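Engineer: Chain by chain, the residues:
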Amino acid sequence: MREAVIIGTGMVPIGKRPETSLSALGYPAVLEALKDAGIERSEVEAAWCGSAMSGMMAGQRVLAPIGMSGIPIVNCENACSSSATALNQAVLAIGSGAVDVALVFGVEKLSRLGGGTLPLDPDDADVAQGLNMPALYAMRARRYLHDHGHSPADLGEVAVKARRHGALNPDAQLKGEVSLEAVMSSRMIADPFTLFQCCPTGDGAAALIVASASAARKWTSAGVSIAVSELTSGRWTSGFRDMTIPEVTVRGAAEAYERAGIGPSDIDVAEIHDAFTIAELLYYEAFGFAARGGAVAALRSGATSLGGRIPVNPSGGLLSKGHPVGATGALQIVEIVRQLQGRCGARQVEGARVGLAHATGGGIAGFDHGACAIHILRRS
Amino acid sequence: MSALGGKDLKDGDGVVIATCSSCDYPRIAGPAVCPACLVEGEIRTVEHVGTLYSYTLLPGREDDETLGLGYVDTSSGVRVLARLEPPHSRFTCDSPVRLASSGGVVLAQPAASTHA
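For the protein sequence lines, the chains are A and B, in the order given.
Numbering (the numbering used here) for the first sequence: 703 to 1082.
Numbering (the numbering used here) for the second sequence: 4 to 119.
No false leads were mixed into what you were given.
Cβ-Cβ distance ranges computed for the label pairs, FRET-style: (1) Ser105/B to His850/A: 33 to 43 Å; (2) Val108/B to Ala993/A: 38 to 48 Å; (3) Leu733/A to Glu65/B: 46 to 56 Å; (4) Ala1048/A to Glu68/B: 37 to 47 Å; (5) Ser78/B to Thr819/A: 24 to 34 Å; (6) Gly965/A to Asp66/B: 50 to 60 Å; (7) His848/A to Val108/B: 17 to 27 Å; (8) Ser98/B to Ser1003/A: 28 to 38 Å; (9) Pro113/B to Ser1003/A: 32 to 42 Å; (10) Asp66/B to Leu882/A: 27 to 37 Å.
In short, the hints are calculated from the structure, not lab data.
Note that the coordinates shown come from a computational prediction; the quantities given were computed from them, not determined experimentally.
Glycine included, C-beta positions come from ideal geometry on N, C-alpha and C.
Given only the sequences and the hints, what does the whole structure look like? Please build it.
Structural biologist: Here it is as structure tokens:
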């Protein structure tokens, strides 16, 4: 399959913009990506849009005001991995030779939902009993604390790290560091999660210009190669599942590493799906950044902080940078690309050459997660 | 996580489990087709007890009171999401529970033992 290269990135700062339309939220990111790539709109042959809550034709609605239409536009919905899925599909299209230049973007306007937890399918068996996303992750957390003898404060330290990183990111939704005391004393949402241990809801957009390697050379030599684009779905079961081992991520990570011909120690920087504090810990282990049960120790050692062996979520992650659901995958990729290009200022991971982005999606009865997209990127 | 089909629960003690008559795959009673082998035949039994795998408490979710939710592993191999009967301090991970259902809602209360 042909190699795909990211030649341009764009994003809008994440926050709450109830007065901004979906298209006005999305197209500035697209324009920035086009400018960053140095290409004209007419060079884009097809577009993939990731959004979970924007209704029909989100891609077309975002692109029409900037005169982009009449090309194939595919709308992807995979919950929180929507725009990562969109990138996967564009990579496949480029790899097959169907297109040479693609636009991938994610957009989400959660402020239109009015706050609170994300609405899930009321026909879902678990949702019918009262399950929401904080509750689901909280049960993972409680079991993890039970199995490994950790305390709720160990979870809180994840939020402290996230906010420490996010304080260095001018585009983050939640800026400013917080103390462990402040994290633990914030309002209880789903025991053991307090408010600051849950990602905020907000609005955001991010865009990528992706080209075949041969096409990319027309515009830049500073593109970032997509070594692997791995997409899979969770395996449904009616019975027991160890909720502290995220099966879809474990499986996706193994496949991604094998396809890239690398292992965990080869990753210089990672953006992983820390929707709630426990998630980051579980994913350290799933990606091999820590041994089973060793995530808390890895966190406390500083290994996953800026300056550590494997900085995780230098952007601040979902907990601090924010989580505009369908846009999150593309936002993670923007961060990784810019890290590999040395453009991240105070939060730059020095010498980063290989980056990993990970987005999981969906709360559905019987699944670990409904979808998981993992990308491994390399500096060209 | 628990299986599909919570709407098909019958009122009364326990949770209705459907076991495929062809491949023995167990699930919460609901859609007639077996997700493992697609056969539509099933044998229904009622599970009264289980072990609490994990749980959480959500303040203000139930008429401004705390809602307790937990995943219960039954002896038939099916995992069920249940509401925990207050007071919630009685529950811990791996504690035995008794199951009941009412109006499609699965309820769990502490049990001294999961053995009959």
